[in-house]
Amino acid sequence: MSKNLVVRFAGEGGQGVVGGAELMAQAAAQGGYHVLTFSTFPSQIKGGPAWGQARISSEPILTPGDYLDVLVCQNQYAYDTNLPDLREGGLVVYNSEEFEIADNSRAIGIAADRMAREAGNPLASTIIMIGAVAQAAGVSVSALEAFIEKRWTRGRASDAAIIQGNINALRMGVEEAKKAGLALEDLEPAPSHDIPRVMIRGFEASALGAMAGGVESFIGYPISPATTMLVYMEQNLTGAEKFVGQASSEIEAIASLVGAGYSGRKVMTSTAGPGLSLMGEGLGLAWMAEIPLVIVDVQRGGPATGLPTKTEQSDFIMAMNPGHGDMSVPVIAPGTTEEAFWASIAALNWAERYQGPVILLSEAAIAERAQDIPMPDLSKVKVESRTVSGGAMQNRRYAGDSVSPFPVPGGPGAYVANGSEHDEQGDTTHLPDIHVTMTNRRFRKLEVLSDGTFEAENTGSDIVVLPWGGSKGSARAAWEQLQAEGVNVGWYYTMFLNPLPPTLLAELKTKKKVLVPELNYMGQLAGHLRSLGVNAEAITQYTGLPFKVSDLKAEISRRVQGQ
Amino acid sequence: MSKNLVVRFAGEGGQGVVGGAELMAQAAAQGGYHVLTFSTFPSQIKGGPAWGQARISSEPILTPGDYLDVLVCQNQYAYDTNLPDLREGGLVVYNSEEFEIADNSRAIGIAADRMAREAGNPLASTIIMIGAVAQAAGVSVSALEAFIEKRWTRGRASDAAIIQGNINALRMGVEEAKKAGLALEDLEPAPSHDIPRVMIRGFEASALGAMAGGVESFIGYPISPATTMLVYMEQNLTGAEKFVGQASSEIEAIASLVGAGYSGRKVMTSTAGPGLSLMGEGLGLAWMAEIPLVIVDVQRGGPATGLPTKTEQSDFIMAMNPGHGDMSVPVIAPGTTEEAFWASIAALNWAERYQGPVILLSEAAIAERAQDIPMPDLSKVKVESRTVSGGAMQNRRYAGDSVSPFPVPGGPGAYVANGSEHDEQGDTTHLPDIHVTMTNRRFRKLEVLSDGTFEAENTGSDIVVLPWGGSKGSARAAWEQLQAEGVNVGWYYTMFLNPLPPTLLAELKTKKKVLVPELNYMGQLAGHLRSLGVNAEAITQYTGLPFKVSDLKAEISRRVQGQ
Amino acid sequence: MSKRNPLYDFKWCPGCGDFGVKVAIEQALAQRTAERGDSIEKTVIVAGIGCSGNLVHLQEGPQPFGIHGIHGRTLPVAYGIKSGRPDLNVLVVSGDGDFLSIGAEHIGPQARRNLDVTVVVMDNGIYGLTKGQASPTTNVDVVTSTTRYGKLDEKMNPYLFFLGAGVGYLNSQMSSRVKDLAAAIKAAMDYPGFSIVHVQSPCTTYNDTYALLKGDEKQGIEPLAFPIPDSHDAGDLIAAVNLVRTNRIPIGQIYRREGESVPGHERLARAKVNAGVGQASVEELLTGMLITA
Amino acid sequence: MSKRNPLYDFKWCPGCGDFGVKVAIEQALAQRTAERGDSIEKTVIVAGIGCSGNLVHLQEGPQPFGIHGIHGRTLPVAYGIKSGRPDLNVLVVSGDGDFLSIGAEHIGPQARRNLDVTVVVMDNGIYGLTKGQASPTTNVDVVTSTTRYGKLDEKMNPYLFFLGAGVGYLNSQMSSRVKDLAAAIKAAMDYPGFSIVHVQSPCTTYNDTYALLKGDEKQGIEPLAFPIPDSHDAGDLIAAVNLVRTNRIPIGQIYRREGESVPGHERLARAKVNAGVGQASVEELLTGMLITA
Ligand SMILES: Cc1ncc(C[n+]2csc(CCOP(=O)(O)OP(=O)(O)O)c2C)c(N)n1
Ligand SMILES: Cc1ncc(C[n+]2csc(CCOP(=O)(O)OP(=O)(O)O)c2C)c(N)n1
Ligand code: SF4
Ligand code: SF4
Ligand SMILES: [Mg+2]
Ligand SMILES: [Mg+2]
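Heads up: the sequence lines are chains A, B, C and D, in that order.
Residue numbers for the first sequence follow the working numbering, so the first one is 1 and each next one is one higher.
Residue numbers for the second sequence follow the working numbering, so the first one is 1 and each next one is one higher.
Residue numbers for the third sequence follow the working numbering, so the first one is 1 and each next one is one higher.
Residue numbers for the fourth sequence follow the working numbering, so the first one is 1 and each next one is one higher.
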């Protein structure tokens, strides 16, 4: 029995390959399995090479899987380009109307489109393929049927017919696989769960976290892969006092967030690199005038328009220093779906607490994954809000070296929130002493953000791995394997990238080598760590896809040896 | 006899204090002295505390001078706030119509406005003050008279009367000082010069360098302290084939530079921090599509609107990484007026050579100073231009790992310059391998920029000073004093900040400590150097004013001791 | 200067048109607060960068809130403020460079949202604070530091631009006529929706157009500015376009769109009521995602 | 697909209006090159980001140069190209989001410069490439992923906007009428100055407005689009405003400013000749700064 099943549906955009993987994952999750999806597609509405991958497991999952147990492919190109990822002994299920595979010892050809058409259910071809995969991999077909029943019960008269049609399709696929007589090791039965689990996407986790954190206004401009979060907010942040708006550009978005934050609201936007690049000046204003707001940057391949639909972790430098002048914007980067939920809360809290902008650094592979996670424990949510000025300080908005009470328009304490250097009341001044005092103030305020948590294991080792963001999963899997093999390497991880938890930074400084797996060319976090006095070395990759665990393991091991 | 005379004219914006210092400097330069000016004023057209300072010397000058020999002040506030900078034994010349100084043992009160009015020459009050200063400091009055004659000879009928009026005013000031009977040590006579010298401002040096470097189009949006360069270009880049345009915003400016660079022209803009913050996305496009262009960022106090008229060196991080994604924009930062000229040529050459954007990091204190420098030796100017595609590569614009011939529209080699990841012909692709290849290509191209020069002295010392930009002058003066006092500290300097000259970087890596004086809070270059493996420590200051030599000397000495 | 900050000492040049605008705004706000029994702290002045923008620090008497942001972004800041705080009275002050050049993109969106704010544009046909460069409204052929051959670009017609962008309420004034200006600003603030009061506010230092605007008999200059005749139908778009299409400057109410003006926040509030949506709690939303295996 | 790059395989959805625009541009360019005996390489297509912008990679036959930049910045890129290379024929292709939302600020400046380029706006009333969000030209009340209550903002009237911004040449077309469209684009390219051909180019995936535009007798839908009557005087701004002020879509030449159209580069060239300036050499300029003590 195997613990894992990794299935990839490969074809063209518009052929439902991403949807196929998600359907398979959802069905398996309903059947009790752990699941995680990953997909990749070009930036066009129809056509171009695309694939969706589902990992189904009897154990909790860290990554979408390096190698495929089953490759479902729609055309020759998909077969050729994805075959290298099929593990030895893996199976191919393919659209035999499109192309043929001569050697059918490990390949099942199915004329799924024709069969679906003939069954009068043309949309069901993906489900036929799923049936074949389930049969071949020993996934419980009855669990899938139960899922179909649930998924298509929408309280309409036609429900029963649609459900039956889809169940028929599933069974057709099962039959095809039986006919072919090819099978993998059976998948272990699904584990049983004593805590409630939700099936959730990364952007939903971010959005729900933001809602749990008390977000009141969300103003954004569409951009892949950040649009989904804006859309989720439009659909769900619907209370009478809430506001969701589509801006006319990212420049409008950031300036409007400054206005909304200034007006006393908890505010957020989601964007991607090109949008963030346009927000530098506005972020400077928020930093300067001390206005709380949160930008979610869902990283994609850069620079410029770059790779709009691919994953990358190359906006870190810009996130910390998005504009001119001295500033160091707080950055939080969730590494898992669960962290995505909690990171939004933390980001909103940080923004309110230090009164300034915070950047939540997500990435395509985090935002787009679907995963089963334990239902977040809402009793653990702690929401912070800025201290509102009661007027005791009169018009002095900025006093001393630490966060001061925030005067909310309409209430007492009228002042001018000013992007030029200013005195305590916000009026413009260019006096040297005041620029010194206020610059110190803006940086010292960051000290209130020293509560970031971190993970640390095998801390005795003087070589450690410290991944960030979505590279956490692959790095953790690689590290666990190395640990199991007796390689002595430590584990550190935090989603609080700037400022780093002070204890973490202190510990990292004592290490001989800190290996930083990150999906970019420059080794952005590693460079920053070196500037902080840590002996960091990046392990980079920039294909637009996540790290493979096996590659990372080999590279870490090489670096540990090479010490 | 003294070698130096430092005079500060202090008052309000609109009272001609900046002009007074410049007039004094120009006159002294014409008299054969070395001169350097510095001024500081608020961001408003009239009013607010302002001062202009001129240093006049029989020797070449590194800085505007820490302490004043003469303080000329227009009002009580100017007197109170500037007095701390007057050296012991220095003189005050003040507007006695505005306020009185009780102790007149070192102060000369002059009712200059009234005297000027009475002499029927109301604009001449500054000249009366200059006359008094000249007399008190032993500056040759006849040289000043010769300058006045030259300055106001404009080929108009009224010239003679104006000249005589101003000479009269000058003499009035001389008489007043004589009456007061106060004097400083005489200034050494002006040196004689065997090479031609020009009296030039920093922005003029940058602009003329750009013209020498072959700039063809200059498109900019006004912003202090970068407007002067745009205006200079409008006035002087007037050839039939040249183009100077005022953009409607910095976003328009950067995108239009991309278009102009793409069309085959050598292009430039000048801006300041807020403008640069808006240019991040466009710079990413230039990086991605490999379009040569040069941005002059005349740094001012940041972030946001910040301190529009003050000097700071706080845009370095943003200059290297102005946008999202992996990029490392070449940065050249001139440290003197002479370097400003050569830096523009180097920047244009670099842009053409590696085919991409280059940032020239100037700063208010460099752009606004007026100085006498040797006439640049134009025979040393080497202009580079991109290799233009002759069509041999057909439509392959981007081939291999190094710079490829540039197809100019109208000629052969039609391709698409693309801000999305692209194949060799510029068409969009999202394939992993191509993103890897093209990312490598974009970074490897930087290797052609390894020709940056640098200064190195006392390289045997394992503690060295490495200033950048306009802090060079103060750092050099401090270093020379320390050397003279036998403190063992090395000197390194380059205007080529990114990529650093490889030999320089290698040498710096061998040092125990590299001290980096810079005018910012974060220690931006020092942080970058640490990320490159150099044990760098910043010495920072962020008042909006340049370093005082004495402060810097004390601090370097403290750090050397503290080793 | 201001009550809030007597130490603050920014100065406009003598004769600058912006003085008149400042006084008019003080008067209009005083009148508004008195009328509504509102506190002045319910008003936010959103300022751009330019000599004009410095107005926000110079308000004398009772002090409103202010935000003095970055160049060109007054409208989006105002949009953000109103988005969640429709109770606040938001007054935007901006210059011709700030509003019509770098900030021009923001006008259409607010017009279409019918954002309930009032904009006072201080048009001096020049970039004042950066010392005299051409702005969109600089007259053709005028020599400035960036137009050495005289201005070659056509002059922007801001009135026509506003009408084309869908602005529903447009008034044109002169800074020298403080009383009329105060009344126009007050009326615009009372209008439920997006309103612009476009003010000719000359720059005495870099572009003194007083004589051009008011005319000068001695110099034989016909005044550019003229009062809008009573016969003008401000509800008629075509009449409004006709009024503004020449390069003369009409003074008075140019346009006020017919029909009820429903501001953006009101549209949203009504839509939410119509759709019958409330706010699902995070718990409810998560529960909808429960795996019920 | 294209001659230059047969491997390139970007695809629009079946039925997408942009196919028609692509063909029309190919025809217009072919005709222009033939007429002038010019090489196609003298043309640059400047594209924005959106489904529309991908047109630049899809030109079949002889290949022009192209630049596919960043979202919303087609016009400034075109301005930069023309600034020093007035000899190039620059054609801008852009979407309603790209051109009228994030890029809206750039229209006025080019109109006032009379930049000699032609813009083809592919208006589908939606953000196509980002999968269906409201754009400025999405109709009121339409439900999209970002307008769950139906679109609350007013619909932008792009024609009125262009006229207000000072655009001197404006034509309106439908992507389905390829021949007319090609002729309109060709004529616009021949116009010496800033010209816009605004094309209704429906998105079959997210906002299929074919029926609305052309009408559907069966469904009882009156066509929104109507041919501009011959009686229309395209030289009359007021007539043009009248023509476009409703939400119906006039098809044909809406406006062409009377009088000679002098493009920006020509104004500058003439001004330089008039001013009698040449280019002082760096040496001359430095010599002027010599200290002659
Ligand atoms: C992003 C940015 N670009 C440029 C500037 C420089 N700047 C400050 S004010 C101004 C123009 C002001 O003109 P206007 O809006 O007409 O105001 P006025 O001074 O005439 O009242 C400019 C270009 C800036 N502060 N920020
Ligand atoms: C700065 C920036 N913001 C957002 C995006 C995402 N984006 C790509 S295309 C597009 C809108 C496209 O709409 P439209 O211009 O109407 O083109 P269409 O796809 O409908 O042809 C957006 C918002 C981007 N690429 N860059
Ligand atoms: S420069 Fe002009 S606009 Fe600015 S304060 Fe002076 S007169 Fe007013
Ligand atoms: S999404 Fe719409 S605009 Fe884009 S290709 Fe498909 S039909 Fe055309
Ligand atoms: Mg102005
Ligand atoms: Mg569109």
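Be aware that one or more of the hints could be misleading.
[Claimed, not checked] Straight line, CA to CA, 25 Å or less: simulated SDA-like cross-link-like pairs of lysine to any residue:
id, chain 1, residue 1, chain 2, residue 2
1, A, Lys3, A, Ser96
2, A, Lys150, C, Thr287
3, D, Lys218, D, Ser176
4, B, Lys46, B, Gly89
5, A, Lys150, C, Leu290
6, A, Lys548, A, Pro84
7, A, Lys512, B, Leu505
8, A, Lys242, C, Pro192
9, D, Lys218, D, Asp208
10, D, Lys155, C, Tyr191
11, C, Lys131, B, Leu237
12, A, Lys512, B, Lys513
13, C, Lys42, C, Asp190
14, B, Lys242, D, Pro86
15, A, Lys513, B, Lys512
16, D, Lys155, C, Pro263
17, D, Lys155, C, Asn274
18, D, Lys151, A, Lys3
19, A, Lys380, C, Leu290
20, A, Lys3, A, Lys548
21, C, Lys151, B, Lys512
22, A, Lys46, A, Leu83
23, B, Lys548, B, Leu237
Hints were generated in silico from the structure; no laboratory data involved.
Predicted, not measured: the structure shown is a model, and the values here were computed from it.
Now the hints, each set against the structure:
no.	hint	verdict
1	A:Lys3 - A:Ser96	violated, 30 Å
2	A:Lys150 - C:Thr287	holds, 15 Å
3	D:Lys218 - D:Ser176	holds, 20 Å
4	B:Lys46 - B:Gly89	violated, 33 Å
5	A:Lys150 - C:Leu290	holds, 12 Å
6	A:Lys548 - A:Pro84	holds, 13 Å
7	A:Lys512 - B:Leu505	holds, 23 Å
8	A:Lys242 - C:Pro192	holds, 21 Å
9	D:Lys218 - D:Asp208	holds, 17 Å
10	D:Lys155 - C:Tyr191	holds, 21 Å
11	C:Lys131 - B:Leu237	holds, 20 Å
12	A:Lys512 - B:Lys513	holds, 20 Å
13	C:Lys42 - C:Asp190	holds, 14 Å
14	B:Lys242 - D:Pro86	holds, 12 Å
15	A:Lys513 - B:Lys512	holds, 20 Å
16	D:Lys155 - C:Pro263	holds, 15 Å
17	D:Lys155 - C:Asn274	holds, 21 Å
18	D:Lys151 - A:Lys3	violated, 49 Å
19	A:Lys380 - C:Leu290	holds, 19 Å
20	A:Lys3 - A:Lys548	holds, 18 Å
21	C:Lys151 - B:Lys512	violated, 58 Å
22	A:Lys46 - A:Leu83	holds, 23 Å
23	B:Lys548 - B:Leu237	violated, 37 Å
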